[in-house]
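Chemist: Sequence:
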Amino acid sequence: MTAVDETGLGIRSTTQLIGDAVKQFRAQVPECIGAGLVDMSTGMLLAADTLDEHPNEVLDLIAAATFDLFQGRNVVMIEEIFKARYGVLDDRHYFQEFLAQSDSHVHVFLRSAGQDIAAVVIARKTANTGMILTQARLVMKQLDAGLS
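Per the numbering used here, the sequence shown starts with residue 401, numbered consecutively.
Some hints could be false.
[Said to hold, decoys possible] In silico EDC-like links for lysine to aspartate or glutamate, alpha-carbon gap of 20 Å or less:
#1 423 to 453
#2 541 to 503
#3 541 to 497
#4 541 to 420
#5 525 to 420
#6 483 to 497
#7 525 to 452
[As the list claims (entries may be wrong)] Computed beta-carbon distance windows for the label pairs:
#8 480 to 524: 31 to 41 Å
#9 455 to 484: 34 to 44 Å
#10 496 to 444: 16 to 26 Å
#11 451 to 483: 18 to 28 Å
#12 484 to 545: 26 to 36 Å
Just so you know, these hints were derived from the structure itself, not from any lab. Note that beta-carbon positions come from the ideal geometry of N, C-alpha and C, so glycine has one too.
Generate the whole structure from the sequences, applying the supplied hints.
Modeler: This is the structure in structure tokens:
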């Protein structure tokens, strides 16, 4: 019998938590067509779950773009300016989420509470953007709870 923690995810290895999280993004985010988790220390894709098959090169590019979005040189410089201007003294990154919309999709990028993982969630634009954000945040909180 597996012990169960308060998140209901059970006791799992980090690899299992990561794999389960991308599946939960796909299952719980309205009209989600793909989700992935990126290691922010390396920029490498940890796991992905997509509706359609995509070449590994495309998934690796999405991971690299996610890394740049959160930790690119210019973004880090802007974060430092904002943190100084607003008196933020902690080591956390200033930017925690990004939302991008294309003609047909909503792309949500979320940083984990531990700052070392970022999620990419892509949903059809026909879904309610507020529900996409809400459900993506809930899955990320579950992942954070499992990782802590």
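Chemist: Now tell me, hint by hint, if it's right for this structure.
Modeler: Status of the hints after comparison with the structure:
Proposed proximity of residue 423 and residue 453 is supported: the alpha carbons are some 15 Å apart, at most 20 Å. The straight-line distance between the Cα atoms of residue 541 and residue 503 is roughly 29 Å, outside the 20 Å bound, and the hint therefore fails. Between residue 541 and residue 497, the direct Cα distance comes to roughly 13 Å. Compliance with the 20 Å bound is thereby established for this hinted pair. The straight-line distance between the Cα atoms of residue 541 and residue 420 is roughly 13 Å, inside the 20 Å bound, and the hint therefore holds.
Only pairs whose Cα atoms come within 20 Å are accepted, and residue 525 paired with residue 420 is rejected, the gap being roughly 24 Å. Pair hint residue 483 plus residue 497 holds up; C-alpha atoms about 16 Å apart against a cutoff of 20 Å. Pair hint residue 525 plus residue 452 holds up; C-alpha atoms about 17 Å apart against a cutoff of 20 Å. Range check, residue 480 to residue 524: Cβ separation about 36 Å, and the 31 to 41 Å hint holds.
For the pair residue 455 and residue 484, the supplied restraint of 34 to 44 Å holds, since their beta-carbon distance comes to about 42 Å. Roughly 21 Å separates the CB atoms of residue 496 and residue 444, a value that falls within the hinted 16 to 26 Å. Between residue 451 and residue 483 the beta carbons are some 38 Å apart, a value that contradicts the proposed interval 18 to 28 Å. At roughly 32 Å, the beta-carbon separation of residue 484 and residue 545 lies within the given 26 to 36 Å, and the hint holds.
Figure legend: structure checked against the earlier numbered hints; hints not met, in rising order: 2, 5 and 11.
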